[in-house]
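Let chain A serve as the given structure and place chain B on it in line with the hints.
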Amino acid sequence: QKEVEQNSGPLSVPEGAIASLNCTYSDRGSQSFFWYRQYSGKSPELIMSIYSNGDKEDGRFTAQLNKASQYVSLLIRDSQPSDSATYLCAVTTDQAGTALIFGKGTTLSVSS
Amino acid sequence: NAGVTQTPKFRILKIGQSMTLQCTQDMNHNYMYWYRQDPGMGLKLIYYSVGAGITDKGEVPNGYNVSRSTTEDFPLRLELAAPSQTSVYFCASSYRDNSYEQYFGPGTRLTVT
Chain A
13 QKEVEQNSGP LSVPEGAIAS LNCTYSDRGS QSFFWYRQYS GKSPELIMSI
63 YSNGDKEDGR FTAQLNKASQ YVSLLIRDSQ PSDSATYLCA VTTDQAGTAL
113 IFGKGTTLSV SS
Chain B
19 NAGVTQTPKF RILKIGQSMT LQCTQDMNHN YMYWYRQDPG MGLKLIYYSV
69 GAGITDKGEV PNGYNVSRST TEDFPLRLEL AAPSQTSVYF CASSYRDNSY
119 EQYFGPGTRL TVT
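Chains as they are written, first to last, in the working numbering: chain A, 13 to 124; chain B, 19 to 131.
Simulated from the structure, these hints should not be mistaken for laboratory data. It is possible that some hints are incorrect.
Below, simulated BS3-like cross-link-like pairs (lysine-lysine); rule was C-alpha separation at most 25 Å, straight line [unchecked claim]: (1) B:K75 <-> A:K14; (2) B:K27 <-> A:K116; (3) A:K79 <-> A:K14; (4) A:K54 <-> B:K62; (5) A:K116 <-> B:K75; (6) A:K54 <-> A:K116; (7) A:K68 <-> A:K116; (8) B:K62 <-> A:K116; (9) B:K75 <-> B:K62; (10) B:K62 <-> A:K14; (11) A:K79 <-> B:K62.
A short, non-exhaustive set of chain B residues, derived as facing chain A with CB atoms under 8 Å [claimed, not checked]: (12) F28; (13) M59; (14) L61; (15) L63; (16) Y66; (17) G76; (18) Y118; (19) P124.
Quick caveat: nothing in here was measured; it's all calculated off a predicted structure. Where a beta carbon is used, it is the ideal one built from N, C-alpha and C, also for glycine.
Chain B with its partners taken away, still in its complex shape:
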C-alpha cells in the first residue's frame, strides 16, 4: 500500500491563480481530511469528508473548495490564490471506526507570491 499520496510536492503560485492539490489513499478509508500548517503553528482543519459525495467545512475553509467523487480521491481547490494561503498542506485519512486514527500524506508546500 502506498498509503496517502499527495501531488505536487511543491508549487509556487502567483496571486490570483488557481490550482488543485491532489490527494489519493489506497487504504479504503472512509474519512479524508485537508489541513494546513503554518510555521510554528499546529495543523488547522480546512475541509473533511466522511464518504464519497459528503464534505463539510473545518476551521479555516475560506478560499478553498473540495469534492469527493470516489472513496480514494479528495482534491482541494484553491481559487484566486492569496499570500495568506502560503502554507504546507497535508491530506489525511482514517477508517470509519472508533479509533479515529488519522494517517497523513507527505504534504504539499505552497508559496503564493
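Isolated chain A (complex conformation):
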C-alpha cells in the first residue's frame, strides 16, 4: 500500500515565525510532489510543486525534497494568521502521473 504520512498537528506558531511541515512517502518511484493548502470548508489549493532534489522557493514558501530519504517539507517564512489552514502533501504514484496519493494533512495555526 503506497502511503503518504504527515503529522496531523495542530502545529502552532506565532505570527512572524517559520512554520515547518513535513511529509514522508513510501513509494520510491514517486517523481512529483505537491503541497496543497485547504481552508476549512474549502477545496485544496495548489501552492507548491517540486520535482527534483533540493529546495524550491516561491515567495514566503520553500519546498524541500530529498528522494533518498523519501522526505518532502514545506517551510513558511514570516507566518501570517491567514496561513492558518490544513496543508496536504501529495505525491504521484505512477509513471503517467495520473494518480496522486494524499496525506491526511497537517493543521497549522498561526497566532497573532
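Here is chain B on its own, set in the frame of chain A:
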C-alpha cells in the same frame, strides 16, 4: 476562465437513491479526477480520466460510475446511495504535461441518511 465547477454544492440523499454529481472544466485539460474526502482524512481517488472516452478506477471506486463523453465534462454517478458515501466530493483536472499539477473544484457536500 471559471476553472473547475461542480454542482450541486450540497445534497441530501436517502439510502437507495441515485444522483449524478456534475463537474465541468474550461481549461482544456485532458485529465480529470474525482476524489472523496472524509473528515480528518486525506483525499481518496475514486475515478479518473485521461481523455474523452477513457476512464479508469482509482483507490475507492465501489458504488460509483463515471463517463467522459467530452473534454469538458466528467460526471460522477452514485447508484443506490449508502451512508458510507456521505462525504465531500472534489473534482480536479490537469494538463497532459509533465507537471501533473491538479486543480480542484469547490466540492459537493453529500449526506446520505
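Status of each hint after checking the structure:
1. A C-alpha spacing of about 16 Å is found between K75 of chain B and K14 of chain A, which places the hinted pair at or below 25 Å, so the restraint holds.
2. Note on K27 of chain B and K116 of chain A: the hinted pairing holds, with a Cα-Cα distance of about 23 Å set against a maximum of 25 Å.
3. The straight-line distance between the Cα atoms of K79 of chain A and K14 of chain A is roughly 15 Å, inside the 25 Å bound, and the hint therefore holds.
4. Between the alpha carbons of K54 of chain A and K62 of chain B the distance comes to roughly 16 Å, so the proposed pair stays at or under 25 Å and holds.
5. Annotation: proposed proximity of K116 of chain A to K75 of chain B holds, straight-line Cα distance about 21 Å (limit 25 Å).
6. Restraint check: the Cα-Cα separation between K54 of chain A and K116 of chain A comes to about 15 Å, which is no more than 25 Å; the hinted pair holds.
7. At most 25 Å may separate the alpha-carbon atoms for a hinted pair to count; K68 of chain A and K116 of chain A meet this at roughly 23 Å.
8. Of the pairs offered as hints, the one joining K62 of chain B and K116 of chain A holds, with about 10 Å between alpha carbons and a cut-off of 25 Å not exceeded.
9. Proximity of K75 of chain B to K62 of chain B is assessed by CA-CA distance (about 11 Å); at most 25 Å being required, the pair is judged to hold.
10. The suggested pairing of K62 of chain B with K14 of chain A holds, with an alpha-carbon distance near 12 Å, which does not exceed 25 Å.
11. In summary, the hint linking K79 of chain A to K62 of chain B is supported, as the alpha carbons are separated by about 23 Å, within the 25 Å threshold.
12. Interface restraint check for F28 of chain B: the shortest CB-CB distance to chain A comes to about 11 Å, outside 8 Å, so the restraint is violated.
13. The criterion of a C-beta within 8 Å of any C-beta in chain A is met by M59 of chain B, whose closest approach is roughly 6 Å, and the hint holds.
14. The beta carbon of L61 of chain B comes within 4 Å of a beta carbon in chain A, closer than 8 Å, and the hint placing it at the interface holds.
15. Interface hint status for L63 of chain B: upheld, as the beta-carbon distance to the closest one in chain A is roughly 6 Å, under 8 Å.
16. A least Cβ separation of about 6 Å between Y66 of chain B and chain A falls short of the 8 Å threshold, and the interface hint therefore holds.
17. Contact between G76 of chain B and chain A, as hinted, is supported at the beta carbon level, the nearest pair being about 7 Å apart and thus within 8 Å.
18. Hint status for Y118 of chain B: holds, given a least beta-carbon distance of 4 Å to chain A, under 8 Å.
19. The beta carbon of P124 of chain B is positioned within 8 Å of a beta carbon in chain A (closest approach about 5 Å), and the interface hint is therefore held.
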